[in-house]
Structure formats: C-alpha cells, structure tokens
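Just so you know, the protein sequences line up as chains A and B, in that order. Each residue of the first sequence is one higher than the one before, counting from 1 in this note's numbering. Each residue of the second sequence is one higher than the one before, counting from 1001 in this note's numbering.
Treat the hints with care, as some may be off.
Derived list of chain B stretches under chain A, where covered just means 3 residues or more per stretch with a C-beta under 8 Å from a C-beta of chain A [stated by the list, open to error]:
id, segment
1, 1048-1056
2, 1128-1134
Label pairs and their computed distance ranges (CB to CB) [to be verified]:
id, chain 1, residue 1, chain 2, residue 2, range
3, B, 1058, A, 12, 26 to 34 Å
4, B, 1083, A, 50, 25 to 33 Å
5, A, 86, B, 1135, 42 to 50 Å
6, B, 1041, A, 214, 47 to 55 Å
7, B, 1068, A, 12, 53 to 61 Å
8, A, 265, B, 1069, 53 to 61 Å
9, B, 1051, A, 166, 29 to 37 Å
10, B, 1083, A, 12, 33 to 41 Å
Hints listed in this document are in silico derivations from the structure and should not be mistaken for laboratory results. Cβ atoms here follow ideal geometry from the backbone N, Cα and C, with glycine treated the same way.
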Amino acid sequence: MFAFAYHRPSELADALAALAASEEAKPLAGGQTLIPTLKQRLASPSDLVDLSGVTALKGITLHDDALVIGAMARHVEVATSPVVVAHLPALAALAGLIGDPAVRNRGTLGGSIANNDPSADYPAACLALAATIVTDRRELLAAAFFTGLFETALQPGEIVTAVRFPLGGEGTYEKYPNPASRYAMAGVFVWRGGDEIRVAVTGASQGGVFRWAEAEAALAAEFSPAALDGLKPEADDMIADIHGSGAYRAQLVAVMARRAVARLAAAR
Amino acid sequence: MEFSGSHRIASPRAAVWAALNDPEVLRQCTPGCQEVVQVSPTEFTAKMVLKIGPMKVAFAGNVTLTELDPPASCRIVGEGQGGVAGFAKGSSLVRLDEEGEETVLTYQTEAKVGGKIAQLGARLIDGTVKKLTGEFFTAFAAVVAPVPEPAEAAAGEA
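All chains, full assembly: derive it from the sequences and hints.
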C-alpha cells in the first residue's frame, strides 16, 4: 500500500467535507474491492474517508410503499433482516449469495452500487426493482444511475446515502456464480407487477448491468420459460475472459432467465 | 485480444491523415492522456492515466507509426509500462477510405495487457480496452470533423 491519510467521521457533513478537501480522496465503504486494490498498489488515494462510523448511512426502514436501506448496510444485514425477508425476499436472497461470509460481513450495498462492477449482484436488483438511489445531493432512478462499466452518475465527492426499493410485485434472482470468487458469471433478476415485467442482467455484459428488452417483451406476451426459447443476448457484447467466452455467457444468461421465470411462475 | 470498428468522418482523407499524425490531436483523443511528445516524424512518447474501476495507474510509453502508406493506411503501435501494475501493448491497423467528401476510418486492434493489473482485472481488461479504443476513435472523428452548430452553419452560408 501507498501512504494515505485516514479519516473516520461520524457525521455525514464531515465525511463530505473530507472528500471535498482533496481531488484524490476516496470514500471507503466495506472495502471489499478498494482494499485489495490498494494492497496491490493499483491506486494511491491521498485520503481515505471511512464511512463506517456515519450513523446516518445505516439502518433499514420500512415505509408504506418502499423499503429504504442505508448505503452502509452490510450484505449480511440485508440477507438476514426480518423486514427485508418479509417484504423483499428476493433482495434478501440475493444479498445472501454475494461472495462468501467474510465478504458479506464487510461489503455494503452503497459500496457495491457505487463501484458498479459489471459482475456485482446488487445493480441487477436495483434495475429490476426500479430502485431510487439517494445521494447526499439528489435522487436518481437506478436506470439513470448505472451508466456503464464501473461508471455511475455519481459526481466527484458525491456519495450514495441510501437506496429506496419500491414494494409490490414479485421478483426473483438466479445467478450462476464463478465457483472461486462467487461473482456472477451471469445473474438475472426478473420482476413482475401487473402487466409490467423487468429483466435485469448482471455479470455478463461488457457494458455492465442492463435491462434485457427482448426478454421483457417476450414475457409480456406470455409469462413462461418457453416464451424465452431461442432468445439470447448478443454474444459479442458479453464479457469474454479465461472463465468463459461471450457465447458461453450469452447462453448462461438465457438459462438463468428461464430458471428465474420458472421459479416465479411456480410460486403463483 | 483482437477487435475492430469503423467510423465515418465528414472530412477529406488528407485532413484525416494529417490529424492522425498530429501529437496534439492524439493527446486530445486518448482517454486519460496527459502528454504526447513527438520525438521523430513517426515516434511519440506518451503519458496516460488508466482508470479501471477502483484502479488508477499511470502509464508511460511510446507510440510508433509504421507500415505507412499515406494517406491510405498505417499501423499505430503502442506500448506502456505501469511500474508494479504491469504493462500494456498493442497495435491498430488503421485504414482510411474515401467516400465522396467523407472518409471511412476502419481499425483492427490487437492488444495485450499483463502483470498485476491483468490478474486483478482479468474480467475487465477486454471490455475496458475496447471501450477506450472506441472512445479514442469517436473523439478523433469529433475533433477532425466537428459537427457545426446550426447557427454557425447558417452564418457560414451567409
């Protein structure tokens, strides 16, 4: 690691001030990506602003029409929270599939979506559930927040403070994890409420998380796994690496989507 | 890793060729590029900052234009060293085809990234390199043939 100044404020305003004080300052949430990167000397921020002491970023609260989860909620808290399990069981199940217990004890919702790793799980839930990302200065729909591979609409010094998940409808998440890292090789979150259907795909595309419009249209006509027969995302747009080719990932997306639809259809 | 792409540029081929050999244009168009210095008619040194997610690594390297066939094609060969982070090298075969007043730029790129940055970012390197290459040629097309503002275009005609 390179040397850096460490801050651990307890007030949000102090955290924002510390981030604004230097162009090279970085917020530290759960550190599950940032700390390994620092250990490898692949980044050298001047200041690390640890957000774990900021109480305003914590907590899970139930409102009439939404569940609001603080940005610093750890994956294990979301996975085991009785209120999340009762009202958004698919989100709790997704959180329980992230990484391993060590990662789930440290990693956070806000850190995951601010990083927007193309293989992270939470971005799929945010898109499929049409969540609102709340930052220190504004609110953005998930579709406007995730802008590409590792890119979000966040401006320098802006941090995610909470995510508001609307209630209603029913959803489920199917993922094919990399056997070593548990990152999604392909993860598909399917949600439906009335006539509206959303299919969000993570892990597969070079552009990061995306809504799979063809699958949504097919499922709107007929909500069954068979409706997806023959549908696959474009293999050239998928991530190709030592773990699998683009064609392999496109196939995985199709299979995960069918499984998710089968599970939702069976649950009715 | 190999990939290709093409861009239509609303500018004559000679102008596109000149821009391709202009260090200031190269600097403007290369994502994260801080400096390009021309050391000979076909050789440049460059400094750039590569950002992939949480990683932010400074690279120093050089760029050489070879297989010159002005103004139709050339190969841009680059390599960079990022210290402990690793290295990147690659080349793009660029062809310029005239189509009336416009030029169609086609590129075929091969790239290799190695060292720590490739190990930690194995999932991400291909997508990032493709994205950066696409950004370079998109910016290049915009610099060579800026889309005129409607008002300016009208003024030009008057």
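Each hint, compared with the structure:
1. 1048-1056: Check passed, 5 qualifying residues.
2. 1128-1134: This one holds; 3 residues, not fewer than the three required, reach chain A with a Cβ under 8 Å.
3. B:1058 with A:12: 26 to 34 Å: Distance hint for residue 1058 of chain B, residue 12 of chain A holds at roughly 32 Å.
4. B:1083 with A:50: 25 to 33 Å: holds, 27 Å
5. A:86 with B:1135: 42 to 50 Å: Between residue 86 of chain A and residue 1135 of chain B, where Cβ atoms are some 45 Å apart, the hint holds.
6. B:1041 with A:214: 47 to 55 Å: holds, 50 Å
7. B:1068 with A:12: 53 to 61 Å: Given range 53 to 61 Å: holds, Cβ gap about 57 Å.
8. A:265 with B:1069: 53 to 61 Å: Cβ of residue 265 of chain A to Cβ of residue 1069 of chain B: about 60 Å, so the range 53 to 61 Å holds.
9. B:1051 with A:166: 29 to 37 Å: Between residue 1051 of chain B and residue 166 of chain A, where Cβ atoms are some 33 Å apart, the hint holds.
10. B:1083 with A:12: 33 to 41 Å: With Cβ atoms ~36 Å apart, the hint holds.
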